[in-house]
Amino acid sequence: MEMFENQVVLVTGGTGSFGKKFVKTILAYDVKKVIIFSRDELKQYEMSQEYNDPRLRFFIGDVRDKDRLYRAFDGVDIVVHAAALKHVGACEYNPFEAIKTNIYGAQNVIEAAIDRGVKKVIALSTDKAAAPINLYGATKLASDKLFVAANSYVGFKDTKFSVVRYGNVVGSRGSVVPFFKKMRHTGKLPITDERMTRFWITLDQGVQFVLDNLQRMRGGEIFVPKIPSMRVVDLAKAIAPECEIEIVGIRPGEKLHEAMITEDDARRTLEFDTYYVIQPEFPWWSEAYVEGGKTLPDGFKYTSDTNTQWLTVEELRELVDGM
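If you use the UniProt record's numbering, the sequence shown corresponds to residues 1 to 323, in order.
Incorrect hints may appear among the rest.
[What the hints assert, rightly or not] With a cut-off of at most 25 Å between alpha-carbon atoms, the simulated PhoX-like pairs for lysine-lysine come out as follows:
hint	residue 1	residue 2
1	Lys20	Lys33
2	Lys157	Lys32
3	Lys100	Lys32
4	Lys294	Lys160
[Said to hold, decoys possible] Computed Cβ-Cβ distance ranges for the label pairs, DEER-style:
hint	residue 1	residue 2	range
5	Val248	Glu281	22 to 30 Å
6	Ile133	Gly299	18 to 26 Å
7	Gly75	Asp40	20 to 28 Å
8	Pro283	Arg57	19 to 27 Å
Rather than coming from a laboratory, the hints here were simulated on the basis of the structure.
Glycine included, C-beta positions come from ideal geometry on N, C-alpha and C.
Put together the whole structure using the sequences plus the hints.
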């Protein structure tokens, strides 16, 4: 991929599920250097042993620490911001910790990128940022707004910021798939509500979507992929059809259904074959940046329960078995 030729790429939260897959993918290209910026020295050590590539560099640091980001971003061309506190329950019970990482950390990344002359920054978001009811979603909504608005105050510099928003990643750390597999031996799978639906994307698809948008971004877009929905009860049947389903009630901060584009956002969203672009409401933005997109009809919303694409039990089983 020409975009990475002789480029220095930094991934915040680079030892996470997304970060590891993304790094493995771009190391196949003629990238000059890949920097892993994260807090956990053990995960960094394990990743260095697993990948063993001379182009890899490991930076211990926290996005809350602006000075450390300034040092890490020196000479960097592209930043993928994947670091976040993501566990809904943990964020509910430790709210200001989520604010410090997901909001203050986002602003630190923005300021360091502008001042260090980074060319492109793409931030990972979540469906929980659309019409949020939990603190994690609220912090990611604030983060999305910061990254979009960052394009307004780069001044005469060339740094561009965009956001990628997608749903649950199959098999990522902390997802329901490894949890269901772990609970299979008990004969019961706890489900919070049998009506619950979620958007579903594989790790490979998520990485490819970020790569695609790094190429097409102009700065200011929120990119949303067209991905299928699934019913959580169907996932349980796919993983452990022999198990009894136990309804345990919705947890703090949990939704029955997720949204990626709200009805209000849809008014400034363009549709393409495989994705949507939520356009920023700033005077510097022009629809000419995203030629070929179709406007959405009045009342449109993109939610997991009204989606037109659904995964069957058999398709879910194939996905899970392939992990």
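Are Lys294 and Lys160 close enough, with their CA atoms no more than 25 Å apart? Given pair Lys294, Lys160 holds - Cα atoms ~24 Å apart, limit 25 Å.
Go ahead and decide if the range 22 to 30 Å is satisfied by the Cβ distance of Val248 to Glu281. About 41 Å separates the Cβ atoms of Val248 and Glu281, which means 22 to 30 Å is violated.
Ile133 versus Gly299 beta-carbon gap, inside 18 to 26 Å or not: 21 Å, holds
Hey, Lys100 versus Lys32, does the alpha-carbon distance stay inside 25 Å? Status violated; Cα separation ~32 Å.
Quick check on a hinted range of 20 to 28 Å for Gly75 and Asp40, using CB atoms only. Distance hint for Gly75, Asp40 holds at roughly 24 Å.
Outcome for the supplied range 19 to 27 Å, where the beta carbon pair is Pro283 and Arg57: 39 Å, violated
Hinted pair, alpha-carbon criterion (25 Å max): Lys20, Lys33. Please report holds or violated. Judged against 25 Å, a Cα distance of about 15 Å means the pair holds.
Is it true that the CA of Lys157 sits at most 25 Å from the CA of Lys32? 23 Å, holds
Checked against the numbered hints given earlier, the structure breaks hints 3, 5, 8 and satisfies all the rest.
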